[in-house]
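Visitor: Chain residues, written in single-letter form:
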Amino acid sequence: MDRTADLTVDSVEIPREDLGRRLYRWAIWATVALLLAWGFGPAEVYRVTGLFTDFANMGTYAAGFLEPDFLHWRDYVREMLLTVQIAFWGTFLAVVFGIPFALLSSGNIVPQWVVQPTRRLMDAFRAINEMVFAVLFVVAVGLGPFAGVMALFVHNVGVVAKLFSEAVEAIDPRPVEGIRATGAGRLHEIVYGVVPQVIPLWISFTLYRLETNVRSATVLGFVGAGGIGFVLFESIRAFQYSQTSAVLLVVIVTVSIVDILSQRLRRMVI
Amino acid sequence: MSTAIEIRGLSKTFNNRFQALRGIELSVAEGEMVALIGASGSGKSTLIRHIAGLLESDKGPCCINVLGRPMQAEGRISDNVRVLRRDVGVVFQQFNLVGRLSVLTNVLVGLLGRIPGWRGILGRYSRSEKLIAMRALRRVGIEEAALRRAATLSGGQQQRAAIARALVQGARVLLADEPIASLDPASAKRVMETLTTINREDGITVMVSLHQVEYARRYCPRTIAMRAGEIVFDGPSAALSLDFLRDIYGAASEELVLPDAGDGEIMIDADPLSGPGLRAAAVPA
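Sequence lines, in order, name chains A and B.
Under the working numbering, the letters of the first sequence match residues 6 to 275, in that order.
Under the working numbering, the letters of the second sequence match residues 9 to 293, in that order.
Calculated from the structure, these hints are not laboratory results.
Hints are not guaranteed to be accurate.
[Stated by the list, open to error] Going by beta-carbon spacing under 10 angstroms, a handful of chain A positions derived as facing chain B:
| id | residue |
| --- | --- |
| 1 | S16 |
| 2 | V17 |
| 3 | R21 |
| 4 | R30 |
| 5 | A38 |
| 6 | L40 |
| 7 | A42 |
| 8 | G46 |
| 9 | P47 |
| 10 | A48 |
| 11 | E171 |
| 12 | E174 |
| 13 | V181 |
| 14 | R185 |
| 15 | G190 |
| 16 | P201 |
[To be verified] From chain A, some residues computed to sit far from chain B (all C-beta separations above 10 angstroms):
| id | residue |
| --- | --- |
| 17 | A61 |
| 18 | R179 |
| 19 | L192 |
| 20 | Y197 |
[To be verified] If you want the ones that stay clear, here's a sample from chain B, every Cβ over 12 angstroms from chain A, calculated:
| id | residue |
| --- | --- |
| 21 | T11 |
| 22 | G49 |
| 23 | G61 |
| 24 | V106 |
| 25 | G128 |
| 26 | M142 |
| 27 | G149 |
| 28 | R156 |
| 29 | R157 |
| 30 | A158 |
| 31 | D185 |
| 32 | R254 |
Idealized CB from N, CA, C, for every residue including glycine.
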């Protein structure tokens, strides 16, 4: 009883946070505000009013989108399947070639003078967007899905190498040492000591990249690298909003199916 | 008898600061069973890892020969260390098995140094090789666990699987780095008995580092005691009385004696050379 009574008395004080921490918090908010202000003009964010003044245009858009036109649905489905096929191959090649690069950029497998150059090369692969690679490969190997496969492949080698090597660098070194102590070779150490430890993560990463690649592959067609992107691009350019809407629905359904299936599988391996 | 392990002038400094080993001189004959005792941080593991060719010593006039061949000299590990390691089995405190692989596969790893490289990489083991592994598993008494994932075994079983791996490897020298430190007393006893058996029956030289001196007295005729990176005693284990330990280690000697050693009498009186009677003396469980 006495204790409850004590609470009403002003005998406790709320400790004040020290100045440094308060300043730090304000500095973070100030930085965010500064960055936004810096980009406001160049990014033409001031044109946001156009969204309301040109409301009529939006209305036309919306009207078209609300009546999807599935007249050519067979084409859409065929192109969508092609898109998924491009993603499969792009992912597969990226994993096959990404594994050696991942091992070569793991500090616990190879010395730093190998790791650093390999990592920089992988950074370059990753830094350049799939669409840029797609344009380059369209020039190199011609229009069509193969350019799309190559674009996904090269960009994703960089991604896979990074994700996979992070898993490799986090392994328990003791089993590897146990294998080394038997007089086994370097490759044996990797096959028996490293790979069994990272395989669940590697599978999970691969499925995750497959999801991402199906999404990415839907726009490769914009630059002529195959798949449903081409259909999408054409219908938008021809102001065929009903068809655009139908294509987008096909994309949404497919991407959702791939995401759900792949997430199920990932949960099984981890 | 020829020499199994010979060490001259071995020193090791980590990060230019911490001196883990100072001028170790050591010679172990083939067929011996030697205990290596000392408190945590006294250099037991570091010494074992040097003999196994897993760590390089400091530069300087030092050499480690195993079975008459140089494992490392003057701070450089021998170029054909992978060949030399085949003759040296290592058993670790944390077992160092690959948890996700089956026990059988873990034991077959011991053969990797002796079969063509590509077969190892693809995991193509012949029937006779699998039989070698299964026989080793039977000897250590965990035959029935062959197809289970190593991680699902108890600590004692995992340690015996690791010993089976060393057996399959055809090692002539077995180095055991605190093999029983993570085990319960009953498992510890089984593991120590397994080591004793392969030492007696196969003539494999065993060097086992131990935290507790009771096990050294019971299972190993000879003990090497370390303190702060130096060998402070090398002689018959029977000479290691509690008073003697106190002389060497002072207050730290308590760490080397089992805290729950109820019948310390057996421990002290046990003659490590007397065969079966020894094993009858049970470790207090």
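Visitor: Hint by hint, say whether it matches the structure.
Guide: Going through the hints against the structure:
1. Because the closest C-beta pair between A:S16 and chain B is about 48 angstroms apart, greater than 10 angstroms, the hint is violated.
2. Interface hint status for A:V17: violated, as the beta-carbon distance to the closest one in chain B is roughly 46 angstroms, over 10 angstroms.
3. At a threshold of 10 angstroms, the smallest CB-CB gap from A:R21 to chain B is about 43 angstroms, leaving the interface hint violated.
4. Checking A:R30 against chain B by beta carbon gives a least distance of about 39 angstroms; that is not within 10 angstroms, so the hint is violated.
5. With 10 angstroms as the threshold, the beta carbon of A:A38 stays out of range of chain B, its nearest partner Cβ sitting at about 46 angstroms, so the hint is violated.
6. About 42 angstroms separates the beta-carbon of A:L40 from the nearest beta-carbon of chain B, more than 10 angstroms, and the hint is not met.
7. At about 49 angstroms, the closest approach between the beta carbon of A:A42 and any beta carbon in chain B exceeds 10 angstroms, and the interface hint on this residue is violated.
8. Because the beta carbon of A:G46 sits about 54 angstroms from the nearest beta carbon in chain B, more than 10 angstroms, this interface hint is broken.
9. With 10 angstroms as the threshold, the beta carbon of A:P47 stays out of range of chain B, its nearest partner Cβ sitting at about 51 angstroms, so the hint is violated.
10. Hint status for A:A48: violated, given a least beta-carbon distance of 50 angstroms to chain B, over 10 angstroms.
11. For A:E171, the suggested interface contact is broken, since its CB lies about 19 angstroms from the closest CB of chain B, more than 10 angstroms.
12. Checking A:E174 against chain B: minimum C-beta separation of about 17 angstroms lies over 10 angstroms; hint violated.
13. For A:V181, the interface hint holds, since its Cβ comes within 10 angstroms of a Cβ in chain B; the closest pair sits about 8 angstroms apart.
14. Because the closest C-beta pair between A:R185 and chain B is about 7 angstroms apart, less than 10 angstroms, the hint holds.
15. Contact between A:G190 and chain B, as hinted, is supported at the beta carbon level, the nearest pair being about 6 angstroms apart and thus within 10 angstroms.
16. The beta carbon of A:P201 comes within 4 angstroms of a beta carbon in chain B, closer than 10 angstroms, and the hint placing it at the interface holds.
17. The beta carbon of A:A61 sits about 63 angstroms from the closest Cβ of chain B, which is more than 10 angstroms, so the claim that it is off the interface holds.
18. Under the 10 angstroms C-beta cut-off, the non-interface status given to A:R179 relative to chain B is violated; the minimum distance is some 4 angstroms.
19. At roughly 6 angstroms from the closest C-beta of chain B, the C-beta of A:L192 falls inside 10 angstroms, breaking its exclusion from the interface.
20. Consistency note on A:Y197: stated as away from chain B, yet its beta-carbon is not over 10 angstroms from all of that chain's, at 5 angstroms minimum.
21. In this structure B:T11 is separated from chain A by more than 12 angstroms, as the shortest Cβ-Cβ distance comes to about 20 angstroms.
22. With a minimum CB-CB distance of about 19 angstroms to chain A, B:G49 clears the 12 angstroms threshold, and the non-interface call stands.
23. Not every Cβ of chain A is farther than 12 angstroms from the Cβ of B:G61; the closest lies at roughly 8 angstroms, contradicting the non-interface assignment.
24. The beta carbon of B:V106 is not kept farther than 12 angstroms from every beta carbon of chain A, the shortest such distance being approximately 4 angstroms.
25. With a cut of 12 angstroms on Cβ distances, B:G128 falls inside the contact zone with chain A, its closest approach being about 5 angstroms.
26. Every beta carbon of chain A lies more than 12 angstroms from that of B:M142, the smallest distance being close to 18 angstroms; the non-interface claim holds.
27. Against chain A, the non-interface label of B:G149 holds: every CB pair exceeds 12 angstroms, the least being about 20 angstroms.
28. With a cut of 12 angstroms on Cβ distances, B:R156 stays outside the contact zone with chain A, its closest approach being about 15 angstroms.
29. Under the 12 angstroms C-beta cut-off, the non-interface status given to B:R157 relative to chain A is violated; the minimum distance is some 10 angstroms.
30. For B:A158, the requirement that its beta carbon stay farther than 12 angstroms from each beta carbon of chain A is not met, with the minimum near 9 angstroms.
31. The beta carbon of B:D185 is not kept farther than 12 angstroms from every beta carbon of chain A, the shortest such distance being approximately 10 angstroms.
32. The claim that B:R254 lies off the interface holds: its Cβ sits roughly 34 angstroms from the closest Cβ of chain A, which is beyond the 12 angstroms cut-off.
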